[in-house]
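Student: What follows is each chain in one-letter form.
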Amino acid sequence: MNEVKPVRRRSGEGGKHGISEARKNDARTQSQYQPYKDAEWGFVNHWYPALFSEELKEEEVEGITICGIPIVLRRVDGKVYALKDQCIHRGVRLSSKPMCLTKNTISCWYHGFTFNLDDGDLSTIVGNPDDKLIGTTGITSYPVEEVGGMIFVFVREDDYPLEDVPPLSEDLPIRFPESSEEFPHPLWPASPSLLDDNAVCLGMHRTGEANWRIACENGFDNAHILVHKDNSIIHAKDWVLPLGIRPASDDCITTMEEEDKPKGLMQWLFTDRWEPILENKKVDLKVEGLNSRFYRTSVVLPGVLMVENWPEEHVVQLEWYVPITDDTYEYWEVLVKVCNTEEERKAFQYRFDVFYKPLCLEGFNDCDLYAREAMQDFYADGTGWDDEQLVDTDVSPITWRKVASRHNRGIAKPGRGVDGSVKASSIRMRRLAEGKKLGYFVEKIEE
Amino acid sequence: MNEVKPVRRRSGEGGKHGISEARKNDARTQSQYQPYKDAEWGFVNHWYPALFSEELKEEEVEGITICGIPIVLRRVDGKVYALKDQCIHRGVRLSSKPMCLTKNTISCWYHGFTFNLDDGDLSTIVGNPDDKLIGTTGITSYPVEEVGGMIFVFVREDDYPLEDVPPLSEDLPIRFPESSEEFPHPLWPASPSLLDDNAVCLGMHRTGEANWRIACENGFDNAHILVHKDNSIIHAKDWVLPLGIRPASDDCITTMEEEDKPKGLMQWLFTDRWEPILENKKVDLKVEGLNSRFYRTSVVLPGVLMVENWPEEHVVQLEWYVPITDDTYEYWEVLVKVCNTEEERKAFQYRFDVFYKPLCLEGFNDCDLYAREAMQDFYADGTGWDDEQLVDTDVSPITWRKVASRHNRGIAKPGRGVDGSVKASSIRMRRLAEGKKLGYFVEKIEE
Amino acid sequence: MNEVKPVRRRSGEGGKHGISEARKNDARTQSQYQPYKDAEWGFVNHWYPALFSEELKEEEVEGITICGIPIVLRRVDGKVYALKDQCIHRGVRLSSKPMCLTKNTISCWYHGFTFNLDDGDLSTIVGNPDDKLIGTTGITSYPVEEVGGMIFVFVREDDYPLEDVPPLSEDLPIRFPESSEEFPHPLWPASPSLLDDNAVCLGMHRTGEANWRIACENGFDNAHILVHKDNSIIHAKDWVLPLGIRPASDDCITTMEEEDKPKGLMQWLFTDRWEPILENKKVDLKVEGLNSRFYRTSVVLPGVLMVENWPEEHVVQLEWYVPITDDTYEYWEVLVKVCNTEEERKAFQYRFDVFYKPLCLEGFNDCDLYAREAMQDFYADGTGWDDEQLVDTDVSPITWRKVASRHNRGIAKPGRGVDGSVKASSIRMRRLAEGKKLGYFVEKIEE
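Residue numbers (my numbering), protein chains in the order written: chain A, 1 to 447; chain B, 1 to 447; chain C, 1 to 447.
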């Protein structure tokens with residue numbers, strides 16, 4: 001006989017505060033972005049920024065992690081090469097103790113397995129030059145493009161054909177003035193592109209603790225103005241922000257889905273398709289003397305934000321949220337300006353150092369960093385995507401999720417052989433005890 | 001052909017040191033407390049202490065975690081409100097950056113979702129006041145009671161009906177003298193209750209690293225005297241402890257299971273139903289001049305210890321082991337005394353500061369803290385409940401487990417959206433690298 | 001209608017860089033060492049070094065973890081006893097707060113459960129001497145041998161019969177000159193054994209973050225010379241190393257599989273069965289004036305390396321890679337020399353302090369420590385064993401894996417009740433925040 005009896009209790013009728021049917025992302029909507037929900041480790045077979053050019057000098061080697069894939073970069077005679085940073089033999093990362101015996105190879109520091117920089121083929125083994133494995137195998141190579149002071153890597157699956165690699169421009173924001181007719185911008189001049197002649201990119205990147213999707217959605221979210229209301233830049237410029245901005249029309253967003261072009265969405269901000277909210281009686285708030293800065297946000301795969309006319313005319317802010325692991329991302333903030341003379345370049349650099357960087361890239365965007373982190377616990381186990389209750393201002397992330405689901409080139413598999421792929425590993429634990437958090441760069445072995 | 005052959009080996013006949021059949025908690029007994037074994041994250045739909053009154057001043061907001069549920073508290077016009085600390089929109093904790101625009105609401109700092117303090121209804125969205133989600137959903141509200149300088153919250157499941165919430169007194173220890181007939185105490189005066197007029201509660205709370213059940217069972221365990229033998233309070237008072245106390249009668253414990261009353265157990269300590277052990281020849285120990293302090297321990301759901309006549313006459317020690325996650329608990333130690341004058345209140349506070357706190361709540365009880373922690377590795381994966389070998393002195397925890405299994409109001413589901421619900425998250429990892437352990441309070445965002 | 005359509009993509013034909021069929025460890029080979037692949041937590045029912053003799057003085061108690069099993073050692077009247085370090089009652093580790101009331105027992109500090117040192121029987125409970133559990137149960141005892149200044153423990157499963165325990169010598173390297181005929185060594189004198197009369201063992205042990213198998217395979221790996229090329233010892237001695245050493249004959253390795261003898265393998269280094277590689281044209285390297293030190297490596301179960309004639313004549317280096325958890329191991333480095341006089345002993349100690357320890361055990365072997373760690377991420381989730389691509393120089397680990405699979409005496413179950421058996425436990429987390437990594441020794445409770 002078992003003494004335990006169930007406790008009687010009245011039913012709570014499901015609770016009055018369950019998930020509301022009035023939310024924007026009902027089951028039907030969610031089914032349209034399942035691939036996005038699956039992309040915990042990112043989308044692969046896309047171009048991602050890896051390093052600023054100045055972070056990889058001639059002959060230098062650097063190891064990073066993107067979408068859980070270990071990548072090693074080396075610059076030789078000015079050209080940058082990228083390979084999978086994992087020896088085929090015993091799996092160590094080549095970049096943790098770089099050994100380059102010739103100009104066109106990188107060797108594993110452990111047993112001397114030597115790979116061609118250009119195609120990743122195993123070309124020899126230092127102490128075992130006649131082994132029959134040589135020539136039969138190798139590591140994946142990644143296409144590299146370097147423009148405007150940034151190194152981009154096409155992060156592909158091992159079996160993604162090189163001949164299918166699209167041009168970098170397909171994974172970058174649309175350009176102006178060539179898109180000015182399709183996406184007019186009467187309130188500001190045509191935005192520069194990092195592909196423009198004499199484009200200069202100034203910026204920074206740092207590691208954030210959140211899933212890359214949460215980070216990305218924050219970037220073009222029109223409804224989070226509140227987070228920025230206390231930022232110094234707002235007050236220094238005497239801007240007066242609305243309480244919010246809500247979609248006033250069904251065509252408030254246009255998706256970009258043409259073949260061979262960037263895939264994403266453009267928001268018709270500062271048109272009558274979006275309405276600023278100036279009053280909320282319930283909380284007794286009223287905005288007077290509205291004085292917003294004009295800007296426009298768009299986002300394209302694999303998660304590239306463009307903020308036109310920001311922070312100033314003739315400058316554009318680009319952002320990437322590069323997946324490192326499933327809960328860390330490398331946050332890139334880059335300002336682009338065309339500088340046709342050395343003088344212009346110097347002036348841009350000066351303004352970057354004294355204004356843009358401290359007040360915008362830090363200051364203003366620091367708030368986004370903690371906002372993303374604040375969401376992470378809710379989404380970390382995957383259930384957040386089902387439980388969130390979105391509203392009409394969330395047309396932006398919902399549209400993005402659908403477009404990204406339709407046009408991504410592949411969903412990354414969980415990372416392997418990189419720090420953070422096995423949670424709470426003893427190595428990770430020891431590093432934490434030493435005060436070192438998980439990061440984007442490979443730690444080099446010190447002897 | 002597979003070369004691997006099994007190694008021959010004689011059978012070890014099961015090992016002479018398996019689990020003994022002589023143990024008290026055989027399979028039949030264990031089956032009587034399965035719900036308790038399942039309650040890794042605690043029992044819900046119970047009253048728990050949340051904060052001392054002085055920890056939440058007028059207009060202040062504080063976030064805590066109980067049973068894996070995020071809870072935010074705010075005090076307005078003296079009254080304390082408690083809501084689920086998780087925005088329905090993107091899941092951030094409201095308390096991490098409190099934003100209160102009106103007296104009767106709390107707004108999410110991220111997108112301005114605004115909830116009524118009293119019922120949790122979504123009453124508006126700051127920058128989106130006409131959204132159709134408003135009025136259809138909200139967050140769970142938790143009943144609050146404030147007595148004797150302590151704030152109690154009824155931690156309910158989202159669908160637990162408010163009309164079923166029992167009075168706080170059902171989740172507090174029984175009271176005297178009204179229980180003096182049922183549970184006589186000839187050796188000490190009637191114990192005070194925090195519900196008494198002019199009851200003053202002085203105490204502390206801190207986070208312990210162990211499951212709450214392990215912590216709780218330590219509180220009323222009569223057999224762990226050894227741990228306390230070197231405590232200063234014992235020697236300062238010239239107490240001479242027995243080696244142990246063993247049950248001398250079948251009725252050494254009485255369960256409390258009457259409807260509408262606290263559910264738990266009372267131990268008949270310092271009666272002939274329990275026998276002090278004064279000698280153990282095997283280890284050559286003999287106690288002479290026994291001089292114990294009289295006290296009596298009882299425990300009621302959801303895990304509230306009462307130690308009557310401790311540390312002195314007219315004072316009672318209460319303890320709670322409030323589940324935070326499955327392996328952390330908030331340890332509450334509270335001394336209650338009725339102080340009818342300001343002078344008495346000051347004297348109690350003085351004695352608390354110079355004697356009770358350093359020698360009893362710290363000193364003496366610090367040993368319990370490490371004892372609970374020492375058990376955690378054994379119980380952490382759940383198998384400890386099956387492998388432990390209990391003896392007759394363990395009648396106390398066994399009885400408690402059965403009573404708790406019969407009368408708890410619900411078993412908490414694993415926590416969601418709180419620090420520690422996803423183990424080894426990157427945010428947790430970063431905080432560890434910064435030297436911050438997982439805790440009870442939400443860390444506020446610093447700008 | 002679901003808008004999401006799959007992205008068209010050409011097939012990558014499996015990727016040109018998949019796992020090569022030219023690798024040495026194909027599926028058939030791998031099937032011959034499945035037990036080894038399963039031995040994540042080590043092989044049990046083997047002799048392991050636990051402590052140096054000087055680490056356990058008379059009456060001292062120390063707790064350690066081997067193969068996930070908690071073990072407590074105590075020395076009484078010079079003799080060392082070893083028991084399972086886990087009270088049968090509530091699972092705490094006895095060693096965390098040692099309480100020894102008699103010479104032949106150890107008592108649990110929590111509830112006084114008292115166990116015989118010799119057989120682990122529960123002989124009494126301090127405060128409950130008549131409980132019927134007494135005499136019916138107990139904790140596992142482990143056979144102990146102490147030789148040459150080292151304490152060895154036979155780490156057995158609870159049900160492994162004591163009468164089946166083999167002599168320590170079966171789990172130690174083979175001895176010379178008795179093996180000199182079978183394994184001739186014309187280039188160096190017979191190596192000493194720690195079982196020799198007047199053998200002196202000097203060494204050190206420390207915790208490494210990697211699986212024990214990865215650590216062990218590094219020890220006798222002939223192909224990792226590159227890692228050591230910059231070590232001071234190499235340059236101080238003017239040694240000139242080859243680029244590599246490759247097997248030149250099918251009988252380059254002899255397995256040792258005779259009954260009642262150590263099981264393992266001997267490598268015929270510095271014979272014509274192994275060929276030094278002096279040139280690699282692909283990477284334009286050529287060695288001139290080869291001047292290697294003669295040495296020979298062998299390995300026996302449960303993972304004991306012997307390096308004969310190293311670092312000098314008449315000295316032998318032994319190494320163990322004792323599993324602590326699945327991703328930590330205790331790395332033992334021991335030099336053995338026969339010292340027949342006190343003068344010889346002093347000279348050995350002096351040379352150890354000023355030469356062997358800084359240049360060999362540290363210096364040289366420090367490189368092995370980071371090499372093992374560098375492999376860990378790749379092997380941590382178990383897939384590394386399938387994905388690694390081994391070459392002909394890997395005949396050594398492949399042969400070892402097969403021999404170990406055939407002759408181990410048991411595969412350890414995942415650890416229980418020890419630090420690190422539950423990953424990311426709150427206690428572990430707190431310790432990390434305090435800057436303490438997971439280790440081999442039990443941390444004693446401080447009051």
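Rather than coming from a laboratory, the hints here were simulated on the basis of the structure.
Take these hints with a grain of salt, some might be off.
[Stated by the list, open to error] With a cut-off of at most 30 Å between alpha-carbon atoms, the simulated DSSO-like pairs for lysine-lysine come out as follows:
| no. | chain 1 | residue 1 | chain 2 | residue 2 |
| --- | --- | --- | --- | --- |
| 1 | A | Lys132 | C | Lys37 |
| 2 | B | Lys423 | C | Lys281 |
| 3 | B | Lys444 | C | Lys436 |
| 4 | C | Lys281 | A | Lys423 |
| 5 | C | Lys413 | B | Lys24 |
| 6 | C | Lys79 | A | Lys444 |
| 7 | B | Lys413 | C | Lys423 |
| 8 | A | Lys437 | A | Lys423 |
| 9 | A | Lys423 | C | Lys103 |
| 10 | C | Lys444 | B | Lys281 |
| 11 | B | Lys286 | C | Lys37 |
| 12 | A | Lys436 | C | Lys237 |
[As the list claims (entries may be wrong)] Listed next, the stretches of chain C that the computed footprint assigns to chain A, with coverage defined by at least 3 CB atoms under 8 Å from CB atoms of chain A:
| no. | stretch |
| --- | --- |
| 13 | 101 to 112 |
| 14 | 236 to 249 |
| 15 | 416 to 430 |
Every residue gets a Cβ at the ideal spot worked out from N, C-alpha and C, and that includes glycine.
Student: All hints, please: hold or fail.
Tutor: So, going through the hints one by one against the coordinates:
no.: 1; hint: Lys132/A to Lys37/C; in the structure: holds (25 Å)
no.: 2; hint: Lys423/B to Lys281/C; in the structure: violated (51 Å)
no.: 3; hint: Lys444/B to Lys436/C; in the structure: holds (26 Å)
no.: 4; hint: Lys281/C to Lys423/A; in the structure: violated (42 Å)
no.: 5; hint: Lys413/C to Lys24/B; in the structure: holds (27 Å)
no.: 6; hint: Lys79/C to Lys444/A; in the structure: violated (46 Å)
no.: 7; hint: Lys413/B to Lys423/C; in the structure: holds (21 Å)
no.: 8; hint: Lys437/A to Lys423/A; in the structure: holds (13 Å)
no.: 9; hint: Lys423/A to Lys103/C; in the structure: violated (44 Å)
no.: 10; hint: Lys444/C to Lys281/B; in the structure: holds (28 Å)
no.: 11; hint: Lys286/B to Lys37/C; in the structure: violated (55 Å)
no.: 12; hint: Lys436/A to Lys237/C; in the structure: violated (38 Å)
no.: 13; hint: 101 to 112; in the structure: violated (count 0)
no.: 14; hint: 236 to 249; in the structure: holds (count 5)
no.: 15; hint: 416 to 430; in the structure: holds (count 4)
Hint violations for this structure: numbers 2, 4, 6, 9, 11, 12, 13, all remaining hints satisfied.
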